[in-house]
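2 protein chains.
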Amino acid sequence: MYRTKTCGELRLSDVNQTVTLAGWVQRIRKMGGMTFIDLRDRYGITQLAFSGDQLTLAEGLGREYVLQVTGKVIERQSKNAQLPTGEIEIEVQQLNILNPALTPPFTIEDDTDGGDDLRMKYRYLDLRRTAVRRNLELRHKMAFEVRRYLDEQGFLEVETPVLVNSTPEGARDFVVPSRMNPGTFYALPQSPQTLKQLLMVSGFDRYFQIVKCFRDEDLRADRQPEFTQIDCEMSFVEQEDILQMFEGMSRHLFKTILNIDLPALPRMTWADAMKYYGSDKPDTRFGMTFVELQDLFHEAEAKKPEAERFTVFANAQYIGGICAKGCATYTRKQLDALTDFVRRPQVGAKGMVYARVEADGTVKSSVDKFYSQDVLQQMAQQMQAQAGDLILILSGDDAMKTRKQLSELRLEMGRQLGLRDPKQFSCLWVIDFPMYEWSDEEQRLMAMHHPFTSPKPEDIPLLDTDPAAVRANAYDMVINGVEVGGGSIRIHDAKLQEKIFEILGFTPEQAQQKFGFLMNAFKYGAPPHGGLAYGLDRFVSLFAGLDSIRDCIAFPKNNQGKDVMLGAPGVIDQIQLDELQIDIKKKSN
Amino acid sequence: MYRTKTCGELRLSDVNQTVTLAGWVQRIRKMGGMTFIDLRDRYGITQLAFSGDQLTLAEGLGREYVLQVTGKVIERQSKNAQLPTGEIEIEVQQLNILNPALTPPFTIEDDTDGGDDLRMKYRYLDLRRTAVRRNLELRHKMAFEVRRYLDEQGFLEVETPVLVNSTPEGARDFVVPSRMNPGTFYALPQSPQTLKQLLMVSGFDRYFQIVKCFRDEDLRADRQPEFTQIDCEMSFVEQEDILQMFEGMSRHLFKTILNIDLPALPRMTWADAMKYYGSDKPDTRFGMTFVELQDLFHEAEAKKPEAERFTVFANAQYIGGICAKGCATYTRKQLDALTDFVRRPQVGAKGMVYARVEADGTVKSSVDKFYSQDVLQQMAQQMQAQAGDLILILSGDDAMKTRKQLSELRLEMGRQLGLRDPKQFSCLWVIDFPMYEWSDEEQRLMAMHHPFTSPKPEDIPLLDTDPAAVRANAYDMVINGVEVGGGSIRIHDAKLQEKIFEILGFTPEQAQQKFGFLMNAFKYGAPPHGGLAYGLDRFVSLFAGLDSIRDCIAFPKNNQGKDVMLGAPGVIDQIQLDELQIDIKKKSN
Numbered sequence: 001m002y003r004t005k006t007c008g009e010l011r012l013s014d015v016n017q018t019v020t021l022a023g024w025v026q027r028i029r030k031m032g033g034m035t036f037i038d039l040r041d042r043y044g045i046t047q048l049a050f051s052g053d054q055l056t057l058a059e060g061l062g063r064e065y066v067l068q069v070t071g072k073v074i075e076r077q078s079k080n081a082q083l084p085t086g087e088i089e090i091e092v093q094q095l096n097i098l099n100p101a102l103t104p105p106f107t108i109e110d111d112t113d114g115g116d117d118l119r120m121k122y123r124y125l126d127l128r129r130t131a132v133r134r135n136l137e138l139r140h141k142m143a144f145e146v147r148r149y150l151d152e153q154g155f156l157e158v159e160t161p162v163l164v165n166s167t168p169e170g171a172r173d174f175v176v177p178s179r180m181n182p183g184t185f186y187a188l189p190q191s192p193q194t195l196k197q198l199l200m201v202s203g204f205d206r207y208f209q210i211v212k213c214f215r216d217e218d219l220r221a222d223r224q225p226e227f228t229q230i231d232c233e234m235s236f237v238e239q240e241d242i243l244q245m246f247e248g249m250s251r252h253l254f255k256t257i258l259n260i261d262l263p264a265l266p267r268m269t270w271a272d273a274m275k276y277y278g279s280d281k282p283d284t285r286f287g288m289t290f291v292e293l294q295d296l297f298h299e300a301e302a303k304k305p306e307a308e309r310f311t312v313f314a315n316a317q318y319i320g321g322i323c324a325k326g327c328a329t330y331t332r333k334q335l336d337a338l339t340d341f342v343r344r345p346q347v348g349a350k351g352m353v354y355a356r357v358e359a360d361g362t363v364k365s366s367v368d369k370f371y372s373q374d375v376l377q378q379m380a381q382q383m384q385a386q387a388g389d390l391i392l393i394l395s396g397d398d399a400m401k402t403r404k405q406l407s408e409l410r411l412e413m414g415r416q417l418g419l420r421d422p423k424q425f426s427c428l429w430v431i432d433f434p435m436y437e438w439s440d441e442e443q444r445l446m447a448m449h450h451p452f453t454s455p456k457p458e459d460i461p462l463l464d465t466d467p468a469a470v471r472a473n474a475y476d477m478v479i480n481g482v483e484v485g486g487g488s489i490r491i492h493d494a495k496l497q498e499k500i501f502e503i504l505g506f507t508p509e510q511a512q513q514k515f516g517f518l519m520n521a522f523k524y525g526a527p528p529h530g531g532l533a534y535g536l537d538r539f540v541s542l543f544a545g546l547d548s549i550r551d552c553i554a555f556p557k558n559n560q561g562k563d564v565m566l567g568a569p570g571v572i573d574q575i576q577l578d579e580l581q582i583d584i585k586k587k588s589n
Numbered sequence: 001m002y003r004t005k006t007c008g009e010l011r012l013s014d015v016n017q018t019v020t021l022a023g024w025v026q027r028i029r030k031m032g033g034m035t036f037i038d039l040r041d042r043y044g045i046t047q048l049a050f051s052g053d054q055l056t057l058a059e060g061l062g063r064e065y066v067l068q069v070t071g072k073v074i075e076r077q078s079k080n081a082q083l084p085t086g087e088i089e090i091e092v093q094q095l096n097i098l099n100p101a102l103t104p105p106f107t108i109e110d111d112t113d114g115g116d117d118l119r120m121k122y123r124y125l126d127l128r129r130t131a132v133r134r135n136l137e138l139r140h141k142m143a144f145e146v147r148r149y150l151d152e153q154g155f156l157e158v159e160t161p162v163l164v165n166s167t168p169e170g171a172r173d174f175v176v177p178s179r180m181n182p183g184t185f186y187a188l189p190q191s192p193q194t195l196k197q198l199l200m201v202s203g204f205d206r207y208f209q210i211v212k213c214f215r216d217e218d219l220r221a222d223r224q225p226e227f228t229q230i231d232c233e234m235s236f237v238e239q240e241d242i243l244q245m246f247e248g249m250s251r252h253l254f255k256t257i258l259n260i261d262l263p264a265l266p267r268m269t270w271a272d273a274m275k276y277y278g279s280d281k282p283d284t285r286f287g288m289t290f291v292e293l294q295d296l297f298h299e300a301e302a303k304k305p306e307a308e309r310f311t312v313f314a315n316a317q318y319i320g321g322i323c324a325k326g327c328a329t330y331t332r333k334q335l336d337a338l339t340d341f342v343r344r345p346q347v348g349a350k351g352m353v354y355a356r357v358e359a360d361g362t363v364k365s366s367v368d369k370f371y372s373q374d375v376l377q378q379m380a381q382q383m384q385a386q387a388g389d390l391i392l393i394l395s396g397d398d399a400m401k402t403r404k405q406l407s408e409l410r411l412e413m414g415r416q417l418g419l420r421d422p423k424q425f426s427c428l429w430v431i432d433f434p435m436y437e438w439s440d441e442e443q444r445l446m447a448m449h450h451p452f453t454s455p456k457p458e459d460i461p462l463l464d465t466d467p468a469a470v471r472a473n474a475y476d477m478v479i480n481g482v483e484v485g486g487g488s489i490r491i492h493d494a495k496l497q498e499k500i501f502e503i504l505g506f507t508p509e510q511a512q513q514k515f516g517f518l519m520n521a522f523k524y525g526a527p528p529h530g531g532l533a534y535g536l537d538r539f540v541s542l543f544a545g546l547d548s549i550r551d552c553i554a555f556p557k558n559n560q561g562k563d564v565m566l567g568a569p570g571v572i573d574q575i576q577l578d579e580l581q582i583d584i585k586k587k588s589n
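As they're listed, the protein sequences go chains A and B. Take the first sequence: its letter number 376 is residue 376 in the numbering used here, and every next letter is one higher. Take the second sequence: its letter number 264 is residue 264 in the numbering used here, and every next letter is one higher.
Because the hints were derived from the structure by calculation, they are not lab data. Quick caveat: nothing in here was measured; it's all calculated off a predicted structure. C-beta atoms are modelled at their ideal positions from N, C-alpha and C, and glycine is treated no differently. You may find that some hints are simply not true.
Unchecked claim - 27 Å max Cα-Cα, derived DSS-like pairs, lysine-lysine:
1) A/Lys523 - B/Lys212
2) B/Lys523 - A/Lys30
3) A/Lys586 - B/Lys586
4) B/Lys586 - A/Lys255
5) A/Lys72 - A/Lys30
Unchecked claim - Pairwise CB distance ranges, derived in the manner of DEER restraints:
6) A/Ile257 - B/Lys30: 52 to 62 Å
7) B/Asn96 - A/Glu483: 27 to 37 Å
8) A/Asn80 - B/Asp222: 48 to 58 Å
9) B/Asp272 - A/Pro105: 29 to 39 Å
10) B/Leu219 - A/Ala171: 49 to 59 Å
11) A/Phe106 - B/Ile460: 29 to 39 Å
12) B/Ala131 - A/Asp421: 47 to 57 Å
13) B/Asp464 - A/Ala171: 49 to 59 Å
14) B/Arg415 - A/Arg148: 36 to 46 Å
15) A/Leu102 - B/Arg444: 24 to 34 Å
16) A/Ala494 - B/Gly8: 24 to 34 Å
This is chain A alone, in the form it adopts within the complex (with noise of 0.2 Å):
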């Protein structure tokens, strides 16, 4: 061992002692007839004071050096009280200098002077910050503590093969060309979800993995072509078993990593989270709910003659509104950019109608002209608006799409507001989502979260008659205002899994070619099973109050899916390409 002491470890308790640390120059000062040298490593830091004959031992080192120092612990002169080891220094009396260091491209600080580029480039150098390390040291906890809970359950971590099958419906896969087996490729797993199921036929009970899954997409701030799932399921079990548990890892989670206790989960179903947040994932740290204002707009447009009419709201089938408390202050420019920001394309709303209620209580609004006091009296009130709130209004033909928007304005005037404190945590399961969406794309019904999720049973005579009300029991865990888990009850009834295909518009023959393999399996004693998955990345980020999952990752890619570190993807030699029987393809254009 180079070392008999941590640069974290040492208390005015040690001094005295003679010790030998080892670790990086993070700072030198020079004072007087003195130097200081902060010794930084993955523990902490320790100041090391020169002096005297030992001056020349600190001469000629530079930041993020290694060295090796022996020296006694003495009680500092002036006391750092911001840093644990702060009431002591090494008085040094050796000094060895593992490795010399050129000069960083940026700073190794919290607050780094290097952009994003560099910061990956050096990503070696990156992770020697210790607001970057602490986001690994909580992923590597949060890792463990899900094993420790789920292992304490009676969960089995099974690995499953990484080198699989093309999966149908779903993303893009990545593809391996197998060299054994020319002109055949592996397909990296989107996720274990075919073999977690196998696993359920084959009696192993609960399963869960922590594991790395792919797809090959169009990469967006928060995704990465690789990312890790805490991958679940039981057998024998209803959809409240399954929320229970996974309430319960949760606790886990929260109790031993944050010291939280959390209360009971609140369960909302699908249609109360499109109703009243606009989103299936819904941030509820803050209330701001919806308030539906169609039935007031429509009667009041009925009394009048046409003419009068605002035509924006008497031909609207959906009118939402939500209400600010004590935005009244709100100035013109920032109501301008109120709009502005709900007609950005991502968020797609085509204007915004707002109204202040007065200190008097009198409401003053952007469609004053069109309707009564009477009747935005009678809005504020829906609204449960007082003196000095704002009330902010969408509407739009199509409910869902305004819901949608609408939430996006909620979330904004959230975050204006500072009610999105990452700090503070709102938990709740999504339940009864829908089975099915329609797709304007395929012009058919899609599986909303996959074609095995099981109807509700008191649902299931909808299939028949009106399937797109059919909901299924399928249920997301939402933090925040992301989705951090979901999961359904599997269809372990092959009659019934024949009619969903059905539905989904796959012929018997179709449905045999897709899911065939799965479906023969089940054939052998396929248990009653459900689970769920965790994006792991997501779950940590939230865990550290990162706007990304990317520095809680150590090697990221960009959103080329390049590791501009590794310089990975590359190049490979015509060799190789000749032993895997693949050319590369000249582009026609």
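Position chain B relative to chain A; hints supplied.
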């Protein structure tokens, strides 16, 4: 929940309780007016009893049907001491067929009638067999205990990427064409070696990861294209620190999993391992160590006229023997079989000499006509052979090759004599590996471990004079003749690293091109570091007493790299090939 109890937990103390169980039909027996069904789940087997009016419930059921039953726990008439639940049975009141089952293509028993191919095709049924599932339960437990130990020792589990770049030197990479960056490829990691060294440069201090690794090699019995490593690295350590740390881990595993108190691990130099066992992974469950006889026989030869010489020994650089205790009774047929064994191409010896020590102490050998009883007695004495023992001797020009042949013979004798009990464990460290080994193929010295392995400080002067004699700070953990783990202290000194590359025959430009990335990172302050990696599959198969790693992997691939259950690898759509901008090459022959 479909059950109130599992099939493994009911005891005599539960009698008179009404319980609900769920599971699979293991066996149906009709006896007189009774029907008995063994119901199986992951936790055990419970006997269901049907009589009187309830007999009809058991009608029409078959093997592997999935049942839910409710009934009263009663004491059994004829108890089964083999079964933890063998004192009770369930008097069934209600039965619900959760799913019928086709008759499986092989029996779901520890000793199944299914052949390997069939079992692999229906792996989800094979995994129902308790014998197979126990291996995976063991794997879960071992991985969990590894994590617990390393977490307690301050190691952080850091996930490194699966989509990386192609690595120089080593086995063939699996590659993944990049759709977003056409013409380029990711590679799947053969190990996270580079990345874990970078994490040390980052100051992570203690890293581990249980991680999938990939090698596109032609498969042998005990190889899989994807396999799992326990990958570890530590900073500011010397070899002794690593050995202590991981000896501790092995001790923890043996204790928590097998309840075995592992004694301190003996350490054997590589030179001794080769000299006494002819292997760098000696099976030390039994002795039968090599005795070198060339001095004895060469001296005897030198005293003889040329015409009487036994040229095989006279010309052999190396003559080595093993002593098989009590095997003087081996028949001519058995000895011929051993000769055939060493002559097999996999072993490659030309012949075998044997000698029996008779009851009266005389030695009878296959080379009696060449050597006097006196010489043979000296030989027996050197071999420490006693009356009733059998001496087996191999000789050859190349000492290393002959030792390896003798090692095979030793292992075969150990097997025949029952000295290789899979329930007995003999662990040791093999240390002081040579830095280099000569490659006939490449006609140069190759790194035995990898090019970042550091030489023993005291051997550094030899780098200039006799590089082949330089020993490395490299070590393997060997259990029962299996290398379960290995690693080294890495070079952190840039100058020394350059010299090593030079000896390996790389020009500075080649070294920069192949390893520049890591070398550049090292310029920013690399700590002294080292580590090792265990093969989890092998470790588990040793603990499980399995010959092959295959049955401790849930979904293994066969020798053609295929998953016959999934049908992977498979063909992919032309659309996908087009998106990836690759073509499948037509075979030219």
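To see whether the hints hold, each was checked on the structure:
1. A/Lys523 - B/Lys212: Measuring from Cα to Cα gives roughly 32 Å; hence the hint is violated.
2. B/Lys523 - A/Lys30: Judged against 27 Å, a Cα distance of about 25 Å means the pair holds.
3. A/Lys586 - B/Lys586: Roughly 16 Å between the alpha carbons, so the hint for A/Lys586 and B/Lys586 holds.
4. B/Lys586 - A/Lys255: violated (59 Å)
5. A/Lys72 - A/Lys30: holds (20 Å)
6. A/Ile257 - B/Lys30: 52 to 62 Å: Hint holds: Cβ distance 56 Å, inside 52 to 62 Å.
7. B/Asn96 - A/Glu483: 27 to 37 Å: Holds, at about 35 Å.
8. A/Asn80 - B/Asp222: 48 to 58 Å: holds (57 Å)
9. B/Asp272 - A/Pro105: 29 to 39 Å: Given a distance of about 49 Å, which is not inside 29 to 39 Å, the answer is violated.
10. B/Leu219 - A/Ala171: 49 to 59 Å: violated (30 Å)
11. A/Phe106 - B/Ile460: 29 to 39 Å: holds (36 Å)
12. B/Ala131 - A/Asp421: 47 to 57 Å: holds (54 Å)
13. B/Asp464 - A/Ala171: 49 to 59 Å: holds (57 Å)
14. B/Arg415 - A/Arg148: 36 to 46 Å: Holds - the Cβ-Cβ distance for B/Arg415 and A/Arg148, about 41 Å, lies within 36 to 46 Å.
15. A/Leu102 - B/Arg444: 24 to 34 Å: holds (32 Å)
16. A/Ala494 - B/Gly8: 24 to 34 Å: holds (29 Å)
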